[in-house]
Amino acid sequence: MACGSTSLWAGETSWFCCGNSWGPCGSAGGGACGNCQSSAHHGAWPNASANCFSITRPDLCGENIPRRGCGSVMNVRHQCSGATVCITITDCGPRTKDWCGEATCCNGACRTNRVLDLTPAAFSAIGNLSSGKLPVYIYE
Amino acid sequence: MNARNTTGVPAEGMRRRRFLTTAALGGATIVGASALGGLDADAAFAAEPSLDPAIAKSSFVEGRITGITGSVLEVAGSGGGHARVQMTHVTSVWKVRPATAEVIEVGDGLYARGVPMPDGTVAADAVWVNIVNLDTTIRGIARNRVHLAHGQHEVVGNILTDTGASYAGRGLTSDLSRLRIGQSAQVLGAWRPSDDSVDVVRISVGH
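Chains as they are written, first to last, in the working numbering: chain A, 7 to 146; chain B, 41 to 247.
Rather than coming from a laboratory, the hints here were simulated on the basis of the structure.
Worth double-checking, as some hints may not be accurate.
[Said to hold, decoys possible] Covered, in the sense of this in silico footprint (three residues per stretch, anywhere, with C-beta under 8 angstroms from a C-beta of chain B), are these stretches of chain A:
| id | stretch |
| --- | --- |
| 1 | 50-63 |
| 2 | 66-78 |
[Claimed, not checked] Pairwise CB distance ranges (calculated):
| id | chain 1 | residue 1 | chain 2 | residue 2 | range |
| --- | --- | --- | --- | --- | --- |
| 3 | A | S11 | B | A116 | 35 to 43 angstroms |
| 4 | B | P158 | A | N57 | 21 to 29 angstroms |
| 5 | B | N184 | A | S33 | 40 to 48 angstroms |
| 6 | B | S234 | A | S60 | 36 to 44 angstroms |
We put the CB at the ideal spot given by N, CA and C, even for glycine.
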């Protein structure tokens, strides 16, 4: 499945580790879909399933995020640089409810609420891991 | 605003691509790795684009460093396999904070972004050493450390002199007194292989 250009959502993205890894991430496992890998262009979506939604609860932040399950493909674009990465959803996350109202900005424009987590490979393709968060537009 | 040429492609991007092409084909011109914008650790937030959208196929390396030969890092991938990361004089290095290549040690974990070279190495644009970004719950707070639960595992977080905290999405502060046991906390930090603890660079709590 190819990455599309139809707008899906916008918000903050952070990054996480999964699959085989080192340090505290060594036991992260393959995520909700079982095949998540830090070294691949993968991501976690807050509504990957009903069970996932009940944990992440983006609705508590006013985000009525649509269901997109394991294997869904998204194009993630850095709000300001325009750098993009095509990812496959392989996990559930982030816990949007814990970060309601959190904003990440660039060029004076902000995106609010964590609506996506990326693997290190995917996040570093559009930004720097040391920043921790990025404002992004999401397409499918 | 970035200057654009008549084709609508950012002029800066054109320079980057030309630089990278030279690097990839010429082999020796590994300074081309800087074209990906890793020199500024926070460039992702900068007014100018930090990454050239045209460079969509940068290489990514993950794993533990098994050897350092001159300016080349030997890396054992966590899932098997082996990679060689070529450091350059413009490679951006992060280890707890922006650093130089001298701080990198055998046994460290890393994520690296760069440009594949003809000899099979990856010329590094940016190397993040031992960096972790953990979804945790605060289990205990002491003067110089926090005890964290990460999944089913306990992680000790070392508080540094410049550890910052973010509360409810607000800006960073050195005031850690508002951290509470039981809070969910995102911890950006650096793993210490020697004792399996984490140096906390930034701890963010929601509510």
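Numbered hints the structure breaks, given as an ascending list: 1, 2, 4 and 5
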